[in-house]
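Engineer: Given next are the chains, with one letter for each unit.
2 protein chains.
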Amino acid sequence: MRFTKALVLIFAVLFVFSASGFAAEKPVRWRLAMTWGPTLQPFVGAVENMAAAVEKMSGGSFTIRVDASNKHKAPFGVFDMVKMGQYDMGHSASYYWKGKDLSFLPLTSMPFGLTGSETYAWYYFGGGLDLSNKAYNKHNMYSFPGGNTGVQMGGWFRKEINSLDDLQGLKMRIPGFAGEVLANIGLTVTNIAPGELYTSLERGTIDALEWVGPGMDINMGFHKIAPYYYTGWHEPGSEMQFLVNKKKFEQLSDKNKEILRVAMRVAAYDMYAENYAMSADAWDQMIATNPDIKVMTFPEPVMAAMKKSNDELLVNMKAKNALFKEIVESQEKFQTKARKWTEMSEYSYVRDNLVK
Amino acid sequence: MRFTKALVLIFAVLFVFSASGFAAEKPVRWRLAMTWGPTLQPFVGAVENMAAAVEKMSGGSFTIRVDASNKHKAPFGVFDMVKMGQYDMGHSASYYWKGKDLSFLPLTSMPFGLTGSETYAWYYFGGGLDLSNKAYNKHNMYSFPGGNTGVQMGGWFRKEINSLDDLQGLKMRIPGFAGEVLANIGLTVTNIAPGELYTSLERGTIDALEWVGPGMDINMGFHKIAPYYYTGWHEPGSEMQFLVNKKKFEQLSDKNKEILRVAMRVAAYDMYAENYAMSADAWDQMIATNPDIKVMTFPEPVMAAMKKSNDELLVNMKAKNALFKEIVESQEKFQTKARKWTEMSEYSYVRDNLVK
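Residue numbers (this note's numbering), protein chains in the order written: chain A, 1 to 356; chain B, 1 to 356.
There may be inaccurate statements among the hints.
[Stated by the list, open to error] Here are the simulated lysine to aspartate or glutamate pairs, EDC-like style, with alpha carbons at most 20 Å apart:
no., chain 1, residue 1, chain 2, residue 2
1, A, LYS56, B, ASP254
2, A, LYS56, B, ASP80
3, A, LYS337, B, ASP292
4, A, LYS294, B, ASP292
5, A, LYS307, B, ASP292
FYI, nobody ran anything at the bench for these hints, they're computed from the structure.
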């Protein structure tokens with residue numbers, strides 16, 4: 001009887017404790033696989049900041065171990081590992097999975113498509129996030145925006161491009177859909193491992209290549225050997241992605257779901273801002289050490305040919321895949337309105353105050 | 001003795017509970033005062049989303065009650081109420097406090113200054129946040145970015161502006177520093193309560209006024225009575241602000257500090273994206289219902305005169321206040337680098353793909 005009384009008292013105390021804000025939260029220990037190596041900034045920093053925020057906001061009860069590709073050895077296996085639950089979540093880029101389903105392509109960026117600011121407006125306030133999950137739910141996953149690179153540059157060229165003729169047979173490293181667009185107008189498009197790019201460009205195995213923008217290009221050194229840096233057209237606002245296993249996500253408490261959602265969202269936005277600052281700094285350094293590099297824009301007939309090639313390829317792709325068509329048309333419709341605002345606002349302001 | 005044994009048992013159980021992930025978290029109940037009325041979107045939504053995220057992420061143990069100005073009756077008393085601890089935090093705009101200390105002015109936006117994307121890059125990756133807190137710590141507060149409007153339009157004009165002469169004596173409602181810049185070049189600058197603006201413009205009491213951009217202007221109806229909508233120069237990326245009482249912030253647990261920090265940060269970024277989508281939609285609606293409205297840019301001599309007036313006023317202001325000088329010079333230095341990147345990236349991309 002004494003024992004029973006004590007037990008009653010204990011439960012009474014625990015009940016009062018629970019009611020006054022305590023809740024039994026089982027520790028959650030997750031693992032995240034990145035497509036990237038351990039030093040690729042600002043991607044890796046964004047993921048680590050996300051994990052750190054989750055840990056702090058949960059008071060240590062929810063932690064995420066971040067594995068770079070040198071650890072899990074499968075940079076392009078992230079999709080399948082998260083889908084199968086070998087990893088709880090991942091960080092990658094949606095367009096890497098276009099071979100599995102074309103619908104994944106436009107969730108990163110499309111040639112002549114949305115800018116960074118327009119991309120976030122579309123994802124969060126223009127129906128993009130729902131369409132993205134329509135594609136990923138089929139694969140037992142959720143996908144969330146994971147950080148934007150802003151406009152990616154059109155690439156480093158060893159020679160100036162004055163006409164469409166200058167592009168015939170020109171050997172360029174440019175992967176993915178943009179490569180198809182350029183192959184269509186006469187370029188010889190190749191893919192080369194990142195570690196061999198510098199040497200290939202230096203030795204003339206290739207004449208040109210695209211990477212990202214100044215912030216991520218500077219450490220590659222291309223500006224020392226290919227002086228013409230062309231402005232962008234093919235990835236005007238590439239959004240990285242967080243992938244989360246659907247079943248694992250559903251098992252989280254409401255509190256942890258919100259902590260994860262908000263931590264991913266702020267890490268993505270922060271990456272865009274950080275990349276902006278990195279690109280500003282890196283360009284400043286590049287031009288100081290290599291004053292001969294020049295920012296160039298493709299001549300109008302070249303731009304028109306790229307646009308035409310892009311539009312032709314899109315017609316076929318839309319016919320092949322209904323969800324791809326739905327996503328691209330949602331972006332096109334959004335862009336029609338958003339670009340008018342971009343032109344009235346930031347574009348006009350920058351145009352009227354160009355740096356001398 | 002029986003009672004003592006029971007107590008020992010209770011404490012033993014509580015100890016095991018605490019060690020296994022429980023932590024005594026006292027419920028925190030905060031109050032926030034907004035400068036805005038209860039319907040001013042997207043400002044109010046951003047604040048409410050922030051409070052909702054804090055509540056969910058803390059499992060209900062940290063809540064923030066949001067009071068609009070119709071509740072606390074002191075829209076421009078937010079600074080003092082938060083400083084004195086009558087409210088734990090606030091949402092407002094830093095430049096409203098320029099009369100207290102000029103240093104607060106550039107923390108919102110400066111004429112010919114940073115765009116929205118550049119503003120976030122400066123705040124978070126260019127030293128801005130530290131400088132902001134250097135100004136606010138003197139007043140027992142922390143300040144955090146609270147949402148960006150993007151480029152604000154130059155205003156609605158009843159007549160087209162073709163020269164500096166057209167501006168002489170022109171009566172315009174434009175508050176704050178931008179008003180001083182325009183008074184300097186011949187305009188008659190007035191301030192009028194928001195509720196009386198439409199009638200004043202319709203009756204010709206004023207010839208022009210500025211508000212924000214399409215997303216926030218549409219409900220004011222100015223586009224029905226003043227067909228010339230000028231592009232922006234005076235607030236190219238206005239950042240709202242969260243103010244937090246310093247002592248109250250320091251009393252939060254590390255977990256709640258992080259929850260609040262992250263919730264404010266994501267709410268601010270989200271407001272920028274939401275305003276982008278709202279402006280795109282609103283402009284689309286305005287031009288559909290009022291096809292005669294025209295987007296205009298001030299002629300070059302007018303822009304040059306505004307810039308000259310701005311630069312002259314800045315010289316005096318920098319001489320008066322050392323921290324103002326430090327903040328503005330930090331922004332100017334950052335802008336020199338960041339604008340080159342803006343021009344190479346988004347500006348060039350938009351220019352080469354203008355909407356026909």
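Engineer: Give a verdict on every hint.
Structural biologist: Hints versus structure:
1. A/LYS56 x B/ASP254: holds, 7 Å
2. A/LYS56 x B/ASP80: The hint is violated at about 31 Å.
3. A/LYS337 x B/ASP292: holds, 18 Å
4. A/LYS294 x B/ASP292: violated, 42 Å
5. A/LYS307 x B/ASP292: Between A/LYS307 and B/ASP292 the Cα gap is close to 32 Å, so the pair fails against 20 Å, i.e. violated.
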